Each structure stands twice: as C-alpha cells, then as structure tokens.
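So the sequences go chain by chain: V and F. Residue numbering for the first sequence follows my numbering, beginning at 1 and increasing consecutively. Residue numbering for the second sequence follows my numbering, beginning at 1 and increasing consecutively.
There could be a bad hint or two in this list.
Unchecked claim - To give an idea of the chain V side of the interface with chain F (calculated C-beta under 8 Å), a few residues:
| hint | residue |
| --- | --- |
| 1 | A36 |
| 2 | D78 |
| 3 | P145 |
Said to hold, decoys possible - Computed spacing ranges between beta-carbons, pair by pair:
| hint | chain 1 | residue 1 | chain 2 | residue 2 | range |
| --- | --- | --- | --- | --- | --- |
| 4 | V | G86 | F | S54 | 17 to 25 Å |
| 5 | F | I159 | V | E59 | 49 to 57 Å |
| 6 | V | G154 | F | G154 | 36 to 44 Å |
| 7 | F | A27 | V | D43 | 45 to 53 Å |
As the list claims (entries may be wrong) - For the chain F half of the interface with chain V, some residues (derived, Cβ under 10 Å), not all of them:
| hint | residue |
| --- | --- |
| 8 | S35 |
| 9 | S39 |
| 10 | D43 |
| 11 | G65 |
| 12 | V114 |
Honestly, the hints are just simulated from the structure, not real lab data. Keep in mind the model is a prediction, meaning the values are calculated, not measured. Positions of the beta carbon are idealized from the N, C-alpha and C atoms, including for glycine.
Number of protein chains: 2
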Amino acid sequence: MVDQMRFREAMSRLAAAVNIVTTDGAAGRHGFTASAVCSVTADPPTLLVCMNRSLRAYESFAQNGVLAVNVLPGSDQDLSALFAGGAREMVERFASGKWRTLSTGSPILESAAVSFDCRISEMKDVGSHAVLFCEVLDAAWSTVPEALVYFRRGYHHLIDQPEA
Amino acid sequence: MVDQMRFREAMSRLAAAVNIVTTDGAAGRHGFTASAVCSVTADPPTLLVCMNRSLRAYESFAQNGVLAVNVLPGSDQDLSALFAGGAREMVERFASGKWRTLSTGSPILESAAVSFDCRISEMKDVGSHAVLFCEVLDAAWSTVPEALVYFRRGYHHLIDQPEA
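Next up, chain V with everything else stripped away, as it sits in the complex:
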C-alpha cells in the first residue's frame, strides 16, 4: 500500500466541495466541516458522508440518526474554518450563520448553495472512519451560482458564468 503521507499528498489534488455537516436531536446539536461527501444514487435518493470516528461528535450523529449536508458558497469560507476546528464549542460554531430546519431538525444553513436533509440509513466502519449512508428526505438551494472548493490545500471560489 501507498504510505499515508503519499496518500494525503495525492488526495490534496482531488478537488472537492466544502460542506458543513450538522445534526440535532436527543444527543445534541453538532456540526463539522467535511469534503468527503458524495452522491451515491438517485434511486433511491442517497448520499454518503465520511466521518472520522475520533471526532467528539461522532456518537451524537449515530444516536440522532439524522444529519444535514450544507454545501458552502464561496462567501462562507469563514464558516468552513470555524466548523473545521477554528471554534471548539458547538455553541460558538452555530453563533455564526443563520440556521433553520426542514423535516429532520438538523441545522440547515440559510446561505448554503444547497442543503440536503437526511436520515442516516446505515453506517459502515472503514479503518479510522465511518461511511454514513443517508436517505435524502428534502433539499433546498439558493440561486447563488458560486461554490467553495478545496484543492491543493487551499480554498477556491468557483463561479458558474453562463457562456457568452
């Protein structure tokens, strides 16, 4: 197998959207920044999130059984840093941004490019991480044609400009 440092260097070249993944319920409100989110199938509507099992919030996500994926626009780069560890306490993280809920009660970011409200249908451990398979119950999006993308260890703002 490739060594971990080489794996990380290679992975830094796979561009990815930046997302804030949130939950709320009996086990409390939590959120973290994640780039390892991807679409699985439209039949039935399913996405997945990879989560480090050593994160403090891991058990809370498992217990609540619901989550939201909030895909960030370029203007929310500061929020990404906050939820990536810039703020340690959840109350401090959620003090920034405007939040609402859809059907599961997971925090939905009003400024998100798009948000997915999900029920966790299955969790699968792979090494240090868990893959959370999620049924998408609802989705909401804004008209902002801009994405925040992480690539080569830096943030980039991608703007969808209609061709002339």
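Chain F: place on chain V using the hints.
Coordinates of chain F only, in the frame set by chain V:
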C-alpha cells in the same frame, strides 16, 4: 423522500472533480467517467467510487478486482466526454490519451492531475449503484496545478494560483 428530479437538481450544485476510472485484467480493459469518487481514510489508505450497476463494464470491474482513478486536469475535458459515452467502444476511448500502468495493470493516464492505483477490497450495493471500496496501492501525480470540476451541469477549470 425527495423526488429524483429534485435530488438531481440539488446534486448538480455539489461541485466535484472529474475522473476517469479504469480497469484491466482477465475481464478486459474498461473505463468510464465518474464524479462520485471520494477519500475515505488515510488509515489504511482507502477511497471509494460509486458506479451504476447497469453500466456494461460493471461486471468487468468486479471480476478484475482492480481499478485506477485518474483525476483530470482542465486540458482533458474532451477525454471526459469520450469516457462519459461520447465513444461507445472501449478501443475508441483508449485511443485518446497516453496510458501506462503501475502495479495493478489498470490504465493510468499520463496527463492526469493525479492517479490512484487500487485494489477493490469490497463492493456494497445501494439501490441502482454499487460503492467500490478501494485500497490505494500506489499514486502518481503531475505538477499541473489545474483541476477539471463539474458544477451546475457544466465543466469548469480551476487553477491553483499562489497568493501574491
């Protein structure tokens, strides 16, 4: 659950890198364009690929048990279209681009931003798709600081410019 059209509309707003996923072996040489690729964990080095089980090549990937993920730079947009169905026959697809191999024998694109040479360790069916969990045996990358990104149903070229 959200309906499939709404799910697809929402998913078009999740920016993603564009990759050509390839295999070779007893079941033949195959390749297709995929955006649903993500890092799972560095411990042990693992990535995943989501693949529609109705693709002709699906059984060949399963039988060969190996694959490569070739992450495209902006300059390979034409290759993306070809492997997304622009060319139906595999021989026609692989006639474009320069290919070599690493340890598994899966086709590695010389111009790729980064390539991951993998052994499929597990396959998990989810609805119409399968999630292929892959151990990363080797990785190779170029110095081209440019990524091809799919966002809002269009291609975008993301360039990593060092800050002034």
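Please flag the earlier hints that this structure goes against, numbers listed from lowest up.
-> When the structure is compared with the hints, numbers 2, 4, 5, 6, 7, 11 turn out to be violated.
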